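Protein chains in written order, with the working numbering: chain A, 1 to 288; chain B, 1001 to 1620.
Everything labelled a hint here was simulated from the structure, so no lab data went into it.
Small disclaimer: the values here were computed from a predicted structure and weren't measured.
Warning: the hint list may mix true and false statements.
As the list claims (entries may be wrong) - Here are the computed distance ranges between Cβ atoms for each label pair:
id : chain 1 : residue 1 : chain 2 : residue 2 : range
1  : A       : Val-219   : B       : Ala-1513  : 52 to 58 Å
2  : A       : Pro-9     : B       : Ala-1513  : 35 to 41 Å
3  : A       : Ser-127   : B       : Gly-1220  : 46 to 52 Å
4  : B       : Glu-1367  : A       : Glu-31    : 41 to 47 Å
Note that CB positions come from ideal geometry on N, CA and C, so glycine has one too.
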Amino acid sequence: MATTPSPGPVRLRVRRGSGSDPSVFRYDSFEVPWEEGMVVLDAVHYVQAMVDPTLSARWNCKAARCGSCSAEINGRPKLMCKTRVDSIDGEITVEPMKAFPLLKDLVTDVGENWKVAAMIPAFSPKSPKAREWKFYQRDVERSREFRKCIECFLCQDVCHVIREHEAEYIGPRWVVKAASLDMHPMDSLNRSKFMKDAGGLGYCNITKCCQEICPEHIVITDDAIIPEKERVVDRRYDPAVWLYRNLPRDQRQLEVAIKKVLKLAFWAALLAPLVAVPILFLAKALLG
Amino acid sequence: MVFSGRVEASEVRAARVSSEFIIARRRAQLLSAVNLWSSRTPPKLVAKDDRTRSERTCDVLVVGAGGAGLRAAIESHDAGADTLIVCKTLLGKAHTVMAEGGIAAALGNVDPEDSWKVHFSDTVVEGQNLSNWRMAEIFAKEAIDRVYELEEYGALFDRTPEGKVSQRAFGAHTYKRLCHIGDRTGLELIRTLEDQVVKRGVTVMDEVAITRILRSRESGNATGALGIDIRTGGLILFRFRALILATGGCGKVYQVTSNSYESTGDGLALAYRAGAKLMDMEMIQFHPTGMIYPIGVRGLLVTEAVRGEGGVLTNAMGERFMSKYDPKRMELSARDIVARAIYSEIVAGRGTQSGGVYLDISHRGAEYIRNKLPSMYDQFIEFAGVDITKQKMEVAPTVHYQMGGVRVDPESGETSTKGIFAAGEVACGLHGANRLGGNSLSDILVFGRRAGAAAAVFSASTVAESVDDAELEKEVDRVLAPLSDKPGTNPFWMKRQIAKNMWEHVGIVRNKADLDAGLAEVARLGEAAAEVRAPGERAYNQAWLDTLQVSDMLLVCEAIIRSALARTESRGAHTRSDYPRPDPKWLANIITVERDGKMKHELEPVPVPPPELDALINRE
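When you get a sec, could you build the whole thing from the sequences and use the hints?
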């Protein structure tokens, strides 16, 4: 192991505030003794144990597996347990995620995510399960990448649609979730209508910030969002698909379709002279 | 063709209008219910001495949202019980996400010779005959169905070339038996169960810490629990007819552990204080391979799958030392044996400079490693700057699992207090003196489901009773007491002292002098714990929660040390240097129970399996 000489104490600056009045906040500075391989969460723990026990920070596994300790470190959404202090020059400023309501200090309320999760049409197998399903490793690989997600919600935090516009967009994490279900070899649903309407997928304008900051290195935009957008386009906007979907399937639908066409023809016949006559008149007048 | 003018047309129009209306309304409902990212009512401040508590009533209260808790909740909900899940951290963050290698079940997909009988035998033999045979039998039989069920819930297991669920080799399993999802099996398991819970609409109250289980004065049944809503700091009184403890283990009472923040043994303390019996508390599993560098991640797990995929252990001299300890199974020996072997090498001075041994997988090639062990690759690159496709890992034993726990009925998971059920790591009986890798994931599914079903039946057959108000008021006093801005001991510091004491005195090899010293230190820390204070407001006050955990942790430490002192032999994970051999007279479970406010121990002989099952056990 390479041992680097101690670069002196770590200077930590933490945004303090309470959810009861988010407009009141301050920045506290601490000096933390340096240790080799130290991460930002270690520094926060030092402050809690040795300086100020009222500092709140959510954490759990401290191994980049659970996704609890999300924060903004020098303005970048990161996991505190995965950010080594020696990767940052100078002072380290830690702030809570801005896209979620503040609870206390570095802790935000990410509970809204579960409401969104409940909206996504759940995994629905093609057939009731026989004892065993047969599919192959190559079928698994497509969905595998999305299942690495640790739900740290950093992608939701960095997404400017959620952060700045509060638009009705479910956000990168939940597009990844939908993609993981859509690409399950045994899933039977098509989620494109949901993604277009309630999911608000059209709001994403592919700035790719989410895939840049994902701590699990999921290529969110290229592998999940764009294919999901393509699915929507294929299904909702392809004229051939549109026509096919709107073909009458039984007698009743056929009658309705015929009536529609007849009605259209009737109005066209009625309105055509009304539109055509003034145009002709105008044209004649203009052309002299 | 029927073409009957007006009636038909108006019907059609009405139908079309109503369907458009329904779509619009549904969309509005969805959006308003979800209100996606804009529901921002700030929480109110709760005063320090505010004793009011909101109330929640349900049939079955599940405490803990790891694999066991979620599986229990699914079963209880499906059985028709009004089920509520509470958990101390966020939903989906439980320690189950850390499980890596796989889930053990005798599917026989890779080794067709495998069957539940061999799995049963492996489990009992490696449990050093301390396991409950009935639990092991149920476990080995039902694990298979639970894996297929998990697949039906949407989990995507790695496949064999024939398109079946793939299985890998693991320590002390006779055949290749671990169904896996790369090395993220636990993550997939918890996401899958989480989806099922969300799909069913089971209510989950995350970030709620239960501080005490309250009993009815008349029947002694558990009927209520006091909890803290961590987000606001407010108190909640839960009323229920059955409670399922699925709170996981107590690894955090040790300094070097692979366990998460929340594994502080609260469930054990809750059960003990509600009069339930604890069993085999001395049985703490040390995982042979934890990271040792850098200090910040010391103890972080290096999955057994590294050895399952062909990883080799060597000491500082380059010797493949496992040939001295278990020449037949080498690196894939049982965890207690490998952990003791590594410990012996380090103690004998054949360890590396930083106090570990080497684990090497680089001979399998970079692509294979990145494919089969992606998390391990990331973990070493990012935390230690070591590329495991080229370099050796440095590892040493780390506290991983607690085989002991709350004593339960093998069939239903019912504890010795009526109305409390337990499943998963907090329960005891399956793993005996040593747990096999991969058995814990099938354990939580098999016994989680059983506890859920049994709790639903129990809740339907009992009437709701009131809680003991005097006990409730006393508990509110206890919970609110540490909230003070007066100077006192720092709870975070206190937790470090507790963990340090256990690591130094109740480690992998124990003796009477060390255990006595550890017990004395626990008593001293217990006195100091009265001075622990939690300053600041009540909302998300971690110091306050940790203060309450300190008393739980001290209780668990005392139970571990007293049981370790009582067991004067070496068996499985419990090694005494002053009693180095297993002793047949110790084929007994040590029960820890509260009698007149004191911790008492009782012995119960291990139940003897019926002859037809005994014949299955391969004791070679």
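Original post:
Which of the stated hints cannot be reconciled with the structure, identified by number in ascending sequence?
Top reply: Hints that this structure does not satisfy do not exist here, as all of them hold.
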